[in-house]
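S.K.: Single-letter residue listing:
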Amino acid sequence: MWKTILRRVVIMIPQIIILSLLVFILAKFMPGDPFTGSITPQTDASQLHALKVQAGLYDPWYTQYIHWVVNMFHGNFGTSYQFKEPVMAVIGGRAINTLWLSLFTVILTYLIAIPLGLLAGRYEDTNLDRGIMFFNYVTYAIPLFVFLVIGLWLFGYVLGWFPSGGSVSLSANGFWGNTWSRLYHMILPGVLTALLSTTSTVQYLRSEIVDQKHQDMVATARAKGVPERKVFSRHILRNSLLPIAAFMGYSITGLLGGSVFVEQIFTYPGMGQLFLNSISNRDFSVITALVMIYGILALFGTLLSDIIMSVVDPRIRIK
Amino acid sequence: MGEELLTINHLHTAFKRGTEYFDAVDDVSLKIHKDEILAIVGESGCGKTTLAKSIIGLHDLKRTKITGNIKFQDQELVGASPEKFDQLRGSDMGMIFQDPLAALNPLMRVEDQVREVLDYHTDYSATKKHKIVLKLLDQVGLENPERVARQFPHELSGGMRQRIIIAIAIACKPELIIADEPTTALDVTIQAQILDLLRSIQAQNHAGIILITHDLGVVADTADEVVVMYAGQVVERGTVFQIFNHPLHPYTRSLLKSIPQAEHEGDRLYAIEGAVPSLAKMPHDGCRFAPRIPWIPESAHEKTPTMHEPEEGHYVLCTCYQTFKFENGEAV
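So the protein sequences, as listed, match chains P and F. For what it's worth, full-length UniProt numbering labels the leading residue of the first sequence as 1, then goes sequentially. For what it's worth, full-length UniProt numbering labels the leading residue of the second sequence as 1, then goes sequentially.
Where hints are given, some of them may not hold.
Part of the chain P face toward chain F, derived, beta carbon under 10 Å [unchecked claim]: (1) D211; (2) M217; (3) V226; (4) P227; (5) S310; (6) V312.
Treat the hints as calculated values from the structure; they're not laboratory data. Backbone N, C-alpha and C fix where the C-beta goes; we use that ideal spot for every residue, glycine too.
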């Protein structure tokens, strides 16, 4: 098991190198440089040139690349042009916010989706199933940003039950006050997003259950005299959860990605909002750092999915 | 011949297609005794498995209508409650499935899957169950039962998995074992071993075995009694001797004719024209085999085919068997 994980991590090294090259090349293709923003009519051209030389901008690309990579290893992603702060400090605070909101959303998504998929599959072709499928198609059809805006208007503005933005209120103090305030700010965006994120899980679980029901192994279980309820929980359900488990790795790493829509609409200071802002403000150092982080997370997501699969499915266990 | 174990009378199993029901098993009657192997033969789609599933109660009753009588050990199975079936299945009836690769749960260890039968039909202690599982695995000819017990199905070969399925089926020493094409998915050498195993289990447990197959070689080898099914009906029924030595129904004779034989090497293999009609296109009156032997005049068939008993214990459906014959290897 540990050997497999180690082997997978080793395979990830060339993948990360390729990813970093791509990010670096794309960053180089982008117009402008770190000093473009600070040029004023009074800027001395020779002084600017000297600064660029000092910053290594005239070095060959591989020297620059190695320099960038070495800095990254030291946790130095450069300075944000927009915030005039180290990139890591800018990302750090927002990553925590996003992590909590996404964790809340993902847990809520599974809490809604798994029972729905399970009921729809188990009571296939009944009115309950049709109702759940209807819910599923409706939530699939509504665009997230429309749903969020309407939800925000209704619950945040008209009814005023929840705050309409931010991640914590300024008046909150103490550990519990702070935690409660954070949670309170997450409820509306979290619930609204979770409601619309259930589609694939419900659909997968339902069709897996319907499919597993007709497998020979289920007939074997019935032929053993296993009562229907147990046939469902021990044989059908366990096998049907495999694809859901396979997806779990991705959704866990997706936690840090954040949702651009949610964070933008709820002015929630997270990674998604930061990414969008950095793009519109040409904050290259933040963008490259974020792309690198997302890329590495995606790689870890596949690893995590593999690990989860090898835990739940003995056929994937590698010796 | 032992005492009567299972009696089926005028059984109809109909599947729902849209709003209509279509008979997949049409008026089947048969009997099986203890210590007997009854083979049910026929092409794919002629209702063998449907019949087996009707006996053991594995049909989804929302989509299936079963009428007639199935009497098993003085109990009527048609219309029996799911709880009744849960109690009978595994303990009094065991079933062996066609595809050993699909019939085991891939996520459970062999021991857990075999023990599950004991869990629901006995109240033995965990250690006793463990011992029984190992004994069963040994009984079905698996080497090193302790090791096999800890393994997952994917770690075992097809033959080994089929042995495990047999172990599951015989765990509670059932009176009746239904084997639905138990050797179809296995290669020939393993087939012989599995059939030997079934026979030896029968000798020990005195069970009645219903062996469903389309392999007439297996039938000749193993069965005592043979039922030939075509398009949901029993077309011929008799002892294995009667069926193989003087088959009557054109279908049985065509089937036997289409077995490759060493002495006719190089000859064209006989094939029956056409195919089994689908459920929706099943003719409702007249002889169902008539479209596949079109040269037999209509007058040779009965309008409503009935069972005839030309010799004791040997039954055949319809009168067309009197006209049908082979000449120079071709049916005329």
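S.K.: Each hint needs a verdict: does it hold in this structure or not?
M.R.: Hint check:
Among the interface hints, the one on P:D211 is violated; its C-beta lies about 12 Å from the nearest C-beta in chain F, farther than the 10 Å criterion. Hint status for P:M217 relative to chain F: holds, with the closest Cβ pair at about 5 Å, below 10 Å. Interface restraint check: P:V226 against chain F, minimum CB-CB distance 6 Å, threshold 10 Å, status holds. Satisfaction of the interface hint for P:P227 is found here, the shortest Cβ-Cβ separation to chain F being roughly 5 Å, below the 10 Å cut-off.
Among the interface hints, the one on P:S310 is violated; its C-beta lies about 13 Å from the nearest C-beta in chain F, farther than the 10 Å criterion. About 8 Å separates the beta-carbon of P:V312 from the nearest beta-carbon of chain F, less than 10 Å, and the hint is met.
Violation of the numbered hints given earlier is confined to hints 1, 5; the remaining hints are satisfied by the structure.
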